[in-house]
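For the protein sequence lines, the chains are A and B, in the order given. Mapping the first sequence onto the numbering used here, position 559 (from 1) lands on 555, and the numbers just tick up by one. Mapping the second sequence onto the numbering used here, position 356 (from 1) lands on 352, and the numbers just tick up by one.
Don't take each hint at face value.
Because identical chains cannot be distinguished in the list, a pair is counted as satisfied if it fits within a single copy or across any two copies.
Below are the DSS-like pairs computed for lysine-lysine, each with C-alpha atoms no more than 30 Å apart in a straight line [as the list claims (entries may be wrong)]: (1) K393 / K129; (2) K422 / K134; (3) K1 / K422; (4) K226 / K134; (5) K467 / K422; (6) K129 / K23; (7) K1 / K467; (8) K226 / K129.
I should point out that these hints are in silico values taken from the structure, not numbers from a laboratory. What you are looking at is a predicted structure, and each value in this text was computed from that prediction instead of being measured.
2 protein chains.
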Amino acid sequence: MTNVKTIAAGWEPSRVSALRDVMSAMKLDALVIPRWDEQQFEYVSLANERLAWTTGFTGSWGLSIVTHDDVILFIDGRYPEQAARETNSDWVTLQHLYEEPPEDWISQHAQAGWRVGFDSEVVTPDLYDRLQKVCEQKAALMQPTASDTFDQCWLDRPETPSSEVIQLSAEWAGESVAEKLARVREQMRLAGVAWLVETQPDNVNWLLNIRGQDLPYCPVVRARLLIGLKGEIHLFGDVADSDAEALASADTTIRCHARDQFLNTLEHAIQPADCLWVDPTQGPQCGRQMAETVGGGALTNRSPITDLKARKNDTELTALRSACLSDSAVWVRLLHWLESAVHSEVVTELGVEERIHQFRTEVDDYTAPSFRTISAADGNASLAHYSAPADGGATLKPSTLFLLDSGGQFSRGGTTDTTRTWCFQKPTSEHRRLATCVLKAHIAVAQQVFPVGTLGHALDSAARLPMWQAKLDYDHGTGHGVGHYLSVHEFPQRMQKSGTTVGLEAGMTLTVEPGFYRADEFGIRHENLCEVVCCGDGWLRLESMAFVPFNRHLIDAEMLTPVEQAWVDEYHRQVYARVSPMLDNDELVAWLEAATQPLTGHRS
Amino acid sequence: MTNVKTIAAGWEPSRVSALRDVMSAMKLDALVIPRWDEQQFEYVSLANERLAWTTGFTGSWGLSIVTHDDVILFIDGRYPEQAARETNSDWVTLQHLYEEPPEDWISQHAQAGWRVGFDSEVVTPDLYDRLQKVCEQKAALMQPTASDTFDQCWLDRPETPSSEVIQLSAEWAGESVAEKLARVREQMRLAGVAWLVETQPDNVNWLLNIRGQDLPYCPVVRARLLIGLKGEIHLFGDVADSDAEALASADTTIRCHARDQFLNTLEHAIQPADCLWVDPTQGPQCGRQMAETVGGGALTNRSPITDLKARKNDTELTALRSACLSDSAVWVRLLHWLESAVHSEVVTELGVEERIHQFRTEVDDYTAPSFRTISAADGNASLAHYSAPADGGATLKPSTLFLLDSGGQFSRGGTTDTTRTWCFQKPTSEHRRLATCVLKAHIAVAQQVFPVGTLGHALDSAARLPMWQAKLDYDHGTGHGVGHYLSVHEFPQRMQKSGTTVGLEAGMTLTVEPGFYRADEFGIRHENLCEVVCCGDGWLRLESMAFVPFNRHLIDAEMLTPVEQAWVDEYHRQVYARVSPMLDNDELVAWLEAATQPLTGHRS
């Protein structure tokens, strides 16, 4: 099966030479190649794995600048080890995406007269502005490439997928397309724009109440939209005629075009007085450019759909809760199996990943993993975004400290994401102390009351402050949004160290996932998916939708305050009450009962 | 005595008419009038109180747009009540400075062809960009005014002060001007700029190791600098010839010019290839404009001096600690006097303000208040930035909940800022509960360990999270920087709700001042000035420099955790140990001993 690893594994220098030949023909001195494609999304189709083809790097985010002398790969803090392993250092030079960003490289290396090629359907307005500013300083030129440069050098390029469009009823989505569209258009009216470009696949699928299978992990149809304040909606994608007919006859008329008709249609749609709304970091520069070319203006603000989608309606929340509960029962089965299997059979990291997938397939609406499972023993768990290799990876031993971060897509409306850290014999006191510290951080967020509109960084602090007190920290965010049978990484809500600007509101979903990592030794993370709920006028708190026991052997009850102990006991009481009715055998129920006993004493 | 209140109190509509006549002569449709002047500073000289003269508003921050039909006054969340009281609503319309900012007003009201006047030495690049963007959209023109518009209509304008320059020795400052300048020029070199414009008076005075008396509350010489990467430094201000000679003969040559020679000198200094460094929010638009006009470029980043000044050296910290300790003894005298006086004489809010000033004058290096003291009884304490009126204000009763926020300037190198909330009889249980909640917030910050580079919003959260848990909050930041015998509000370090980007480092100073306010009833705030200190490799915490007892009657020990109780007891132990040797009579010592007893039991 072709996947991104196959594309990357086939890397050889001739690819760079072939690309440079194309660049020469186009008179380009440099070419900017982001990981993302014209959808500006975390997931891309195989045909658009341009970065993996060019450099061999398979991470989810990054960017390359290729010149006739250099291939620079810009990666973030998650990927230095993986990028070093996957790329050939004779050919590819690594740089930090944020600390030594592409614009700095251009500023240092571009010569006067350089032509820096970029695909204006792919590059975002924000990236364009940063590059354009330094190009101007260096008297270099940002040169849009007329068509996809890679068609001419990537000869065995995979086909672009074209999956069936799955129509969702309003009952399932909780809101009709017409109602959603009215809310989007109200935001457009308030902003004074005539058109909105929407390229994020999850936003497009949410708005149109559709789903698909075009991308790994995220159940969407790859399509872009051009939404007028009035009249038609234009959709650009590889949609079958029958699907196009269905979309055109829905209560809101959607006109389907071929994927490559985007710019052409935009050019004819925008009138000189029109303002076009383009997302600055998740939209295409070509949109803004076109609006300016025809004499209109561009509004570069976050897409209104991103914000509307973030506040889940009751139907969506009910479905999410249900999927999380189904998945919690899967987790209980997995942990029960694992505790025994580690002592009796050869269990590899890949084996655990396959087993949880297998258990999930017995849930009738499970469709696929929501991300590549991180099944990581001991030191492997200290690597961000580790995935078990094809040979199975490490074998779990009784002494292993094991981290499992896994989730599924459920077609009745759920996307899940849970992490548990497990031990299989009496843990070391250090593992126990650290796991308890991380649990204190988790509880701090889970029980925190906060005012409506609180910014995500404040809740990130809630997790980190008790860990800092013990001089511990972790180098990732505390939580991210999660979609309704959509992307497991959803914007704009976030809990992170650096400043956020999005106020939290009831109905948003967020993971809570503090951790602690010691390189080459172990990783600890405790993650639940939560919803933001009201708790009195103007006040909010989080409520977990996942009900999976925390490993009691890794909790030092003496380190917990009475309030923290009570939180753990009440959470475990709920785990047992909610999940035990879903288990089909007494042994599992007995296991869960034992796993959810109060920390001190026994439940009466 | 003329002060800003006198200028504001003399407001009459004829001022606006006179200003409009000048605008007509200059063919202006609108004029932008910020509170700040060409120094972009919180404090301005009386001659530059243009906003108070035009509108009657005396707040420390704000901006007006005057047209031939309207006077719009933009104010922030601290000032709606004060602005409504001070301005005539027939003439002046109030708008929120951040929620309905000036650019929105321009966007809604400007007509094509409008000429919007602004003083380009006063308006910052950031404000200019925001206004310019909407003016361009509306086909209006941003029109720099050639000279100070107010000279032609403000006929009884006060003189610009010109105080003596006080030279500080390197021993006193802890670093010579040459050493400071070398560090500034290293930053300039790294940034690739040939010139730096510095207009912040505290930055100028810090760099040149000088002080003065040109402004209220902040002991500085009003002057601006143009610093070359090499060679001379140009100073623009009203400096006496003898002072200019002294500056010119110092180890670093400083050439003094008249205040109005700034633009002219800049024009001749910058060469076409030069890049000029201008602070975007605390620097002048004219600098950037001039750099671009002569063919150079401008770097709009925060001034490097702001960052260098923020990290205090050992000499500065020693002086600050010493001033805080002297001031703590003043506070103890004040609180001792107050507790008795409230029951035996008529004590007004203004009387307390005068009394603490009088006690401070007995400290030999005290020069002036570091800000207008907030002496506020009961409901008055719920007003942000209340100041007692000339008639004395409220009389303190035994039942009063009293808030005193006061600080001084000490010429051996200290600026202080402390707040205490006090009661004079058994407090209500509600006052006690709320004062204890605020104390918990204070302790949370005071005892928090955090990694080097932590952003200020994380410590703001440390204060707020325990208050949120009780569904309480406060509408101001948790802390601000404080200078070394300079401004009591120092940048860039801050603890605030919204995202910050400045990492905290050892040697920075910050107030810790959570509060709780109930409109018309009371205000509670507990404030200490702290320094950031190392506590292990890569870890920091705060250490209080102020040693003033918290009112024990307002602390409900049962609401405190053992750790919080221990913090209070240890703080009070230090208050007694450090301050009692400074007290000159036994009654005071006995009072302090009682005021600093452990919360439960007695100190052995």
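These are the hints, each one checked on the structure:
1. K393 / K129: Neither. Shortest intra-copy (55 Å) and inter-copy (64 Å) distances fail the 30 Å Cα cut-off.
2. K422 / K134: Result: close neither inside a copy nor across copies, 62 Å intra and 72 Å inter.
3. K1 / K422: For K1 and K422, neither the intra-copy (38 Å) nor the inter-copy (73 Å) Cα distance is at most 30 Å.
4. K226 / K134: Answer is between; shortest inter-copy Cα gap is 25 Å, intra-copy 43 Å.
5. K467 / K422: within (25 Å within a copy, 41 Å between copies)
6. K129 / K23: within (21 Å within a copy, 35 Å between copies)
7. K1 / K467: Answer is neither: 38 Å inside a copy and 51 Å across each miss the 30 Å cutoff.
8. K226 / K129: Answer is between; shortest inter-copy Cα gap is 28 Å, intra-copy 36 Å.
Going down the numbered hints, you'll see the structure goes against 1, 2, 3 and 7, while the others check out.
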